[in-house]
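S.K.: Spelled out from the first residue to the last, the chains are:
There are 2 protein chains.
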Amino acid sequence: MALAIASQALGNTANNSIPIYQNPSHSAKDRAADLLSRMTWVQKIGQMGGVRRLLGSDMSFNQTSYEILAEYQNGILGFGENYNLASDVLPIANMVREEQIHSTPLGIPYITVTDSVNSIYNLGGTLFPPSLSLAASFNLPLYKLAVGVIRDENVAVGTRWVLSPELDLAKEPHGGRVGEMFGEDKYLVGEFGTAYVNTMQQLDSNGYVKVACTVKHFVFGQSSGGINAASQYGGINHIMNEQAVPFIKVVRNANPYSLMASYSAVDRVPMAANKFLLQTVLRNTIGFNGVIMSDAGAISELHSLHLVSNSAEDAAVKALKAGLGLELSPGQPAMFPNLVTMANDSTIVSLVNDAVQRLLEIKFVTGTFDEPLPTMENLKSTLRNETHLDIARKASEEAIVLLKNDGTLPLSPPTTNSSRIAVLGPLAELLVMGSYAPNNSTEPLHGKPFLQSLQDFIGADNVDYFQGVDITDISDSSGISAAVSVARQAGLAIVCLGSVSVLAEDGAANWRTDGEFFAHPSLGFPGLQQDVLDAVLDTGVPTLLIMTGGQGFVLQNSTVNRASAILHSFLAGESTGEALVDILYGSVNPSGKLPITLPPDSGSTPIYYDYLPSDVGSYWSLPVLDRANPPFKFGYGLSYTTFDFSTAEVRITSDNTNVSVLASVTVSNTGSVLGKEVAQLYFRQQYTAIETPNKQLIRFTKIELAPGEKTMINWTIASDELGYWQNLEWVVDSGNFTFWIGSSSRDEDLESITIAV
Amino acid sequence: MALAIASQALGNTANNSIPIYQNPSHSAKDRAADLLSRMTWVQKIGQMGGVRRLLGSDMSFNQTSYEILAEYQNGILGFGENYNLASDVLPIANMVREEQIHSTPLGIPYITVTDSVNSIYNLGGTLFPPSLSLAASFNLPLYKLAVGVIRDENVAVGTRWVLSPELDLAKEPHGGRVGEMFGEDKYLVGEFGTAYVNTMQQLDSNGYVKVACTVKHFVFGQSSGGINAASQYGGINHIMNEQAVPFIKVVRNANPYSLMASYSAVDRVPMAANKFLLQTVLRNTIGFNGVIMSDAGAISELHSLHLVSNSAEDAAVKALKAGLGLELSPGQPAMFPNLVTMANDSTIVSLVNDAVQRLLEIKFVTGTFDEPLPTMENLKSTLRNETHLDIARKASEEAIVLLKNDGTLPLSPPTTNSSRIAVLGPLAELLVMGSYAPNNSTEPLHGKPFLQSLQDFIGADNVDYFQGVDITDISDSSGISAAVSVARQAGLAIVCLGSVSVLAEDGAANWRTDGEFFAHPSLGFPGLQQDVLDAVLDTGVPTLLIMTGGQGFVLQNSTVNRASAILHSFLAGESTGEALVDILYGSVNPSGKLPITLPPDSGSTPIYYDYLPSDVGSYWSLPVLDRANPPFKFGYGLSYTTFDFSTAEVRITSDNTNVSVLASVTVSNTGSVLGKEVAQLYFRQQYTAIETPNKQLIRFTKIELAPGEKTMINWTIASDELGYWQNLEWVVDSGNFTFWIGSSSRDEDLESITIAV
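These protein sequences, in sequence, are chains A and B.
Take the first sequence: its letters are residues 1 to 757, numbered as in the working numbering.
Take the second sequence: its letters are residues 1 to 757, numbered as in the working numbering.
Everything labelled a hint here was simulated from the structure, so no lab data went into it.
Treat the hints with care, since some could be wrong.
Since the list gives no way to pick one copy over another, a pair counts as held whenever it fits inside one copy or between any two copies.
[To be verified] The list that follows gives simulated cross-link-like pairs (lysine-lysine, DSS-like), each with its CA atoms no further than 30 Å apart:
{"id": "1", "residue 1": "K404", "residue 2": "K249"}
{"id": "2", "residue 1": "K394", "residue 2": "K275"}
{"id": "3", "residue 1": "K29", "residue 2": "K710"}
{"id": "4", "residue 1": "K448", "residue 2": "K695"}
{"id": "5", "residue 1": "K710", "residue 2": "K210"}
{"id": "6", "residue 1": "K29", "residue 2": "K404"}
{"id": "7", "residue 1": "K702", "residue 2": "K380"}
{"id": "8", "residue 1": "K321", "residue 2": "K404"}
{"id": "9", "residue 1": "K448", "residue 2": "K275"}
{"id": "10", "residue 1": "K695", "residue 2": "K710"}
{"id": "11", "residue 1": "K695", "residue 2": "K275"}
Keep in mind that this is a model prediction, so the values were computed, not measured.
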């Protein structure tokens, strides 16, 4: 519509009287170049930062602070405090946006850039579970619907650039950000990441990118001790064959407009100053051509934390030279404003011009110069509409993984008051959604904790709730015996344990052990939670364990052997409490699969299914850590029905130029209820020039089958997909390849076929 | 003497009638080249392997197996089973040695190559504690005496080449080989390694190297999950600034004749095939010019484990091309014999010639061609003589670290029968010496466990021993209450806990959780040992904790707060039991310092004092793992006296070509007994081009002071020592440097001085 108006305006005016940058008929690239040529040095530097925290809590707006900041940092706009309501924020954001367009010399609009993990940045949107949970669905079509919802709600608040998706591999379980990631597998992460970016960056009816994406954090996920900003060792083969893999796929298949460099020092060079990884590897080898931005304080930390810059000026220059073009700086002072004094340095000037050109192109492709500001009317019809809530419910249902079931589940529908249930454990009354979700876990504006969902379904009178212990306090075990009594009286116990990852302002913030700024040496349940579970299991009362948290937990043998059923619900969306109830009572058949391998012990790390062959130790070794057979392995998850995999076949096909592998398998629902299964295809080349994983996922497909129904799944894999990186070269060798087809990464769930390719 | 005879023989013969290689007046290099020119292809290949297991248990010798092996593997000789007595082995070894000299075409003698960690390879030598324990002494002069003993005893059995020292950094506490290493610090490891090699490789009176050394394992120590043969990620800055540092120092300052490549795949390239690290880095950058050998099965594992070679032949070729020249292959088949079919490949021929030249040079420099075989007479006068045993006792005394003392220690000498002591815990009756010590921990041929040492000192009637629990069994806690009763009755308890690292044939082998082929996810005491300790501490009876094992253990807060005293004795030498008693009763004042930081938790890894600045997390991070302040940090250890550090000074000096830092401090014994203290100097450059450790050790000096005595310590550090490696270049920047002087790596034990260099 805006485009139509602009075109009409053009018709009434001589083309040469309108600057190219204001003319939508020109390409984004040309418009950006034209605008760049009109900008002062200070205006250029201004684009390389922005105002990230427009509003404080309770909608506070500090005009003086804003103006001081905006003088040298005026490219991007962020909303600040998550707990403000989107509908309250919009008018103020629009006021600032308008002012920027109309009261600055060239009228260069802000582009609004925010985090967007579960939902839009502020309260008021549809709340999905975060990435790890959605990855557990292994359902890409459903995921695309979910991202479409989040995208449209972002557009409705005027956010046209998000700081997602996070493509880091969840291979360090001690870290606090596992729940933000898509799991441990590079293929799975790449597929979900590609789906995210392609969905977010879809073009609107005017041909503008709806929401530009930022893939992050290049590279992160295996920091020392799991600490957020800590270093990692990685050599280049490790990085290219593991951490970079999802980035390579997403860059090549979805063209994300920006990328965030991580906080980490990689091989002792902080990523914000890592020219080798950002230029030689990311730009030249991988082919990324968008904006590279800093993680929030990362440029400043070159000076203050890593100690590789001896001044703020040096930090700014090092980051610019490494390839960074945008500084996200919620904390002040920012570093890039130091560049304003360097207008006479031709190297700096050239790099700044490159950076601003890329930044302006994003503004043009997203229609920031052309489309009208978002309206309250559209916001109200978009946020939390019925379609959106329905998709969120479905996403939550598929994000839950059933890990054990002795037949206790599904429960019979409650018929009389005599079917009482004891709910125990401190996680039952929280709706824990991760450290980027604008909701309150103790009193959610949207959604209900599991306890309330169960009470609403079977009646509060039928539920005996007792917390038993605090989440993190280890000094008070006095409630355990009462919890045991409650379990005994009810005859069926549901124990809800896990960890808390929420915003700092959340009602449960004091119980956090997980989330962006946390690392947890212990991988068990925090505090005395395991003690409650043990005590209840000691009674012999049938017990269901529901785990909550954006991480894997150690499941002790005595828990696995004695619990009647075990579910992992990861981090919640607003419908997760209800989805859990639906699964418990069988109206929803669980279909999630583990996107991470659960650690057998706090010290048993790293643990993941795609270890290198030598990582189990030599042939005469006696490893205590059995990497090959962890108790709950990637890709594993149960259903209320059973599936049979049969007539698996793998063969080669080729035309004149390409060789492909065709793999197929027939999956049958051999049980008695409708269910979904995830067929998984793994491979390994028998011998490779450098060490490659014992097996790795190459395809997965989720299917729904009625009882007795069967379907054949066909996969085509180009032989080029079967290679690996050696010293920055992609190598595809011929040789024997083994393919495994089945329902999880566990050997016992897979059939193997070896062929020559 | 042999040299004199040879020279005399030369006098009676025309020089040109004796082949150069038989003429000791020529250089080792020329003799090797001459011999090489006379050798057949098969003879050359034969030198690149050997017979590692001459004898089985009970002195069994299989002539047929020996001959089959020796056909293509006849360069080196090893003794096989450790538990055979050296005096029994010598005649058979000499028989085989003689036969090789007299019955093969060129009479090329074997060189005897064995492990030598605590002592000579076989039973019968003086038994020292292994490396971690000796490093805890921080006493280099004493260490050189100890190595001199082990060297002379090796010469006495004819071993002229050892598979030591191990220069790996003990930075992965889950691994089983920490006890074999010199600790976590690269400087400390380099100093001990240099002392080892310079002492071992001393020249004998004939000018021959007494015992050639093998530095190992290049590179190892941070394998995934602590598993022996597992991979590591390391980039080149990490390797050069950390793992390679001791190798660089020892290669440049002590010229070891050989080096062992590790089992690990580094950045996905197994070290046995890692041409980049062995050629570009080790040979060209570091300057190592000796023999590179495989770890035992490492060449074979290229094919069988890492899957980077598709055949045994390919494995042999890859290893040779990477730079390996000797295959240590206790398990058969070996890979290098496959080279016998490749005499027509000029590249292979050239590499084999290079390798054999280096191997022969070691034989010439060690006098293998010239000196007589070892005699039984010399063996008997050398092994376990009084001087040797005295040095071993002193070494054990200084290898024990006192970590806490509330004043309970030293104990008063026993005067009456009423001073009873309860000894509890399963480690009291074992003498655990590590997985390379030829002794039996349950019935040691030499040395006494702590329990027996205490009984001998205060009378068996005064000691109430109760094991309490097994070492690894977690099913039986029934003995704990009896242990508690024994403690209560005695009124003083000594609880002996730890882990077992012994040879596979040892009486305690079933209790092993530590040693070469083990990894331990848990860093606590194995089994239910902590439960015994907790139960005894609960009683309030004064309790001393003695830890045993080649590793750090988690010391829980409740242990540290309640134990009266805590000692770590690491792995034992034959005198460790008695040394512990001497320390308990004050006839020896403890003076050891921690060569490793103790882990606060099983999941709190990596943990070491010289972390990178960013490894604590960013300025707004809330790390749960507090790397800066672990409870027991590198360099820490208590004494029965007190020391004062005063008037610390650091200044610059320069002559025309060099700049040096002069550091000094005055240390006073301010207590009432004679004692030893380790003065430690650490440094950090304020800003560096890549991230460097928060601080690192650069000097240490151990001194003995009488009460009231003081001494000034002066250190000179060339400015060139203050650099770091960046992309294979050694960088020395000017700038501000902070130096810390004190008694441990803890901030509270250090005084800091910052100067410009």
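S.K.: Now, for every hint given, state plainly whether the structure supports it.
M.R.: Hints and how they fare:
1. K404 / K249: Intra 34 Å, inter 55 Å, cutoff 30 Å: neither.
2. K394 / K275: neither (43 Å within a copy, 53 Å between copies)
3. K29 / K710: Neither: 51 Å inside a chain and 75 Å across chains, both beyond 30 Å.
4. K448 / K695: neither (40 Å within a copy, 50 Å between copies)
5. K710 / K210: neither (39 Å within a copy, 76 Å between copies)
6. K29 / K404: Neither, since 55 Å and 69 Å both go past 30 Å.
7. K702 / K380: Neither, since 34 Å and 76 Å both go past 30 Å.
8. K321 / K404: Close neither inside one copy (53 Å) nor across copies (51 Å); limit 30 Å.
9. K448 / K275: neither (47 Å within a copy, 59 Å between copies)
10. K695 / K710: Classified as within: same-chain Cα gap 27 Å, cross-chain 64 Å, threshold 30 Å.
11. K695 / K275: For K695 and K275, the Cα distance is within 30 Å only across copies (26 Å; inside one copy 32 Å).
In the structure shown, a violation is registered for the earlier hints numbered 1, 2, 3, 4, 5, 6, 7, 8, 9, in ascending order.
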